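Q: Keeping their order, the protein sequence lines are chains A and B.
Residue 71 is where the first sequence starts when you use my numbering, and the numbers rise one by one after that.
Residue 71 is where the second sequence starts when you use my numbering, and the numbers rise one by one after that.
Among these hints, one or two may not hold up.
When chains are identical, the list treats them as one kind, so a pair holds in a single copy or across two.
[Unchecked claim] Cross-link-like lysine to any residue pairs, in silico, SDA-like; alpha carbons within 25 Å at most:
id, residue 1, residue 2
1, K122, E390
2, K104, D392
3, K342, A394
4, K104, E117
5, K104, A391
6, K122, T175
7, K122, P194
8, K147, A398
9, K122, D157
10, K217, P235
11, K147, A121
12, K217, S75
13, K342, G196
Keep in mind the hints are simulated off the structure, nothing from the lab.
The structure displayed is predicted, hence computed values, not measured ones.
2 protein chains.
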Amino acid sequence: MTAPSLDIVAIGNAIVDVIAQADDQFLHDEGLAKGAMQLLFSPEEAEMLYAKMGSAIEASGGSAANTIAGVAALGGKTGFIGQVANDQLGHVFAHDIRALGVDFTTPVREGNPPTARCLILVTPDGQRTMNTFLGASQFLSSKMLDKGLIERGAILYLEGYLWDPEEPRAAMREAMAIARAAGRKVAFTLSDGFCVDRHRESFLDLIRGGEIDILFANEAEIKSLHETHDFEAAVEATAAYVPVTVVTRSENGAIAMVGDQIYSVPADPVEKLVDTTGAGDLFAAGFLAGQVQGRSVQDSLVMGAVCAAEVISHYGARPEADIAALVAAKLA
Amino acid sequence: MTAPSLDIVAIGNAIVDVIAQADDQFLHDEGLAKGAMQLLFSPEEAEMLYAKMGSAIEASGGSAANTIAGVAALGGKTGFIGQVANDQLGHVFAHDIRALGVDFTTPVREGNPPTARCLILVTPDGQRTMNTFLGASQFLSSKMLDKGLIERGAILYLEGYLWDPEEPRAAMREAMAIARAAGRKVAFTLSDGFCVDRHRESFLDLIRGGEIDILFANEAEIKSLHETHDFEAAVEATAAYVPVTVVTRSENGAIAMVGDQIYSVPADPVEKLVDTTGAGDLFAAGFLAGQVQGRSVQDSLVMGAVCAAEVISHYGARPEADIAALVAAKLA
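With the rest of the complex left out, here is chain A (with noise of 0.2 Å):
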């Protein structure tokens, strides 16, 4: 087996976020969950939508290539993979994420459906509510893989959101496959609580075969896998089968729990929240370019919180700041 000659390696939707404010009420009346994700299936029903926002921005997201692009940032030699289509957004997509040096070679698929986008409303509480139509996204299948990049990661990167629709499940699960024919390591996050109710026994499985190295998931999702409201309980029963098991806990900070030993850091303050998105993705990405420049699991929080504190000082889901001199200052 040859060393990794990439940190990490992603398979994630490839969505375009597309951002606008909202009060609550604009969501009680379109009947959305407060901090959700939710599947538009349809163009029309996301045309619906869209065309009762508000004016919004356009910023490449996803929720692994969001993490992609923080380890990017932090300086880690990165890989991702996801499908756009060709068009304008999946021009905009491809353009964001190579200028960040992430090695992105995933063909655009020609025709219908265009590009994945994400309505995010958020709040004057800073809570991200999000819609999200997957597009082109949808259509990532085994073929689309390319296999080398995924043998180079030293640890392959899973999106739990990317298993709603059939294809991309069918390659993450041949991705892994590779992953670990080349004795790489494979990290999974958990997403979303729905995701979470629509996946439970795919979950518990990939966690019990021993599949995954490195979990992340925040508090409601963890306790969703395991149907439970005992927190501690629904971290013990991921840590029993996974090595390192990561939980962010919103502005109580995050703990991991690496065989019986718990880590816990607290929330990096903020001057002003303005938008969760991208908090957890953030933190997963502190949290993984610590591990693969081989810091403690203690530091590699520390960074992951830096790292989430950043992402929701600003609208967007991608660091503005120049993350690795916070990270740096940080652990100084």
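Starting from the known structure of chain A, arrange chain B on it as the hints suggest.
A: The following block gives chain B in isolation, referenced to the frame of chain A:
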């Protein structure tokens, strides 16, 4: 003559801004004049610069469109005329301006070129350097003008930038005639120093011909117009022909000259200067909104300063905060 049912109707470039951070070295290497706007004449030229730029965000822009967005946010009744193509970015532009309640009826233009974009490089000092690919915007023709919309606006607001391409220049001349015939006022912004260089004689003809009721400029532009280094002389030479002349002076605030009288306002303080894109556009928005609300020239200047301060405190050229509330607090 019927009373106007709209406050401001603007004609301008229909552009989506593509905003990325860059350092001074990048501007130097690309031969770009900091703070200025240059035109990119081919899609290939735009593509080459885009490929070299960092990860970006996209937000609807266009100078006069930004002004209209600001007037609408301040409660003004507005309309906009500008040309987009039938593509994703054109759809984004139309969505965003309509979401603000702006009457935007210009039909999309089929085929090439695509919707205009402005590649904006923001340096760490907050200055923006703009590189505009005019795309569909340069093909706004007289036949696309909504005559009824122009007649409905108390003030027709025109963007100097749009004087560059031939068809929109003719369209703007026709729009001015329509507005005049309906008994409306005409406001005009000089837009950019290099733009003034390209069209000095035309702009002076408009001014000396008494075709402009309200003129907006910054210090560099008004000096360039009269080819002088003497700021006061340049303002006086303009005000001799223009009833209301408004000149912004960056961190030194702004002045208005009305007849023999000069009014001034200091720049509104900002916690952190992030991105100066849209500063002049939003100053114009505040001033125009004040005028159509029947406020004094002095209070209109204050409104301009408040709006400009808001827009330079974040990325993007349109307001994110509730500028109507900020203005109300300031004038309370």
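Q: Does each hint fit the structure? Answer for all of them.
A: Here is how each hint holds up against the structure:
Proximity of K122 and E390 under a CA criterion of 25 Å is satisfied inter-copy only: 18 Å between copies versus 28 Å inside one chain copy. Proximity of K104 and D392 under a CA criterion of 25 Å is satisfied inter-copy only: 22 Å between copies versus 30 Å inside one chain copy. Both within a single protomer and between protomers do K342 and A394 lie at most 25 Å apart by alpha-carbon distance, with minima of 21 Å and 21 Å respectively. Taking the shortest alpha-carbon separations for K104 and E117, only the intra-copy value of 20 Å comes in at or below 25 Å, while the best inter-copy value is 39 Å.
Taking the closest pair of Cα atoms, K104 and A391 come within 25 Å of each other only across two copies (21 Å); inside a single copy the shortest separation is 27 Å, beyond that limit. Taking the shortest alpha-carbon separations for K122 and T175, only the inter-copy value of 18 Å comes in at or below 25 Å, while the best intra-copy value is 35 Å. For the identical chains of this complex, K122 and P194 are intra-copy neighbours only, at 18 Å inside a copy versus 35 Å across copies, given an alpha-carbon limit of 25 Å. Taking identical chains as interchangeable, the C-alpha atoms of K147 and A398 lie at most 25 Å apart only when both belong to the same chain, with a minimum of 18 Å there against 50 Å between chains.
In this assembly of identical chains, K122 and D157 lie within 25 Å of each other by CA distance both inside one copy and across copies; the values are 23 Å within and 20 Å between. For the homomeric pair K217 and P235, the shortest alpha-carbon distance inside one copy (21 Å) is at most 25 Å, but the shortest distance between copies (49 Å) is not. Only between protomers do K147 and A121 lie at most 25 Å apart by alpha-carbon distance; the minimum there is 20 Å, versus 39 Å within a single protomer. In this homomeric assembly, K217 and S75 come within 25 Å of each other (Cα to Cα) only inside a single copy, at 14 Å, whereas the closest approach across copies is 63 Å.
With identical chains, the CA atoms of K342 and G196 are at most 25 Å apart both within one copy (9 Å) and between copies (20 Å).
Consistency note: the structure conflicts with none of the earlier hints.
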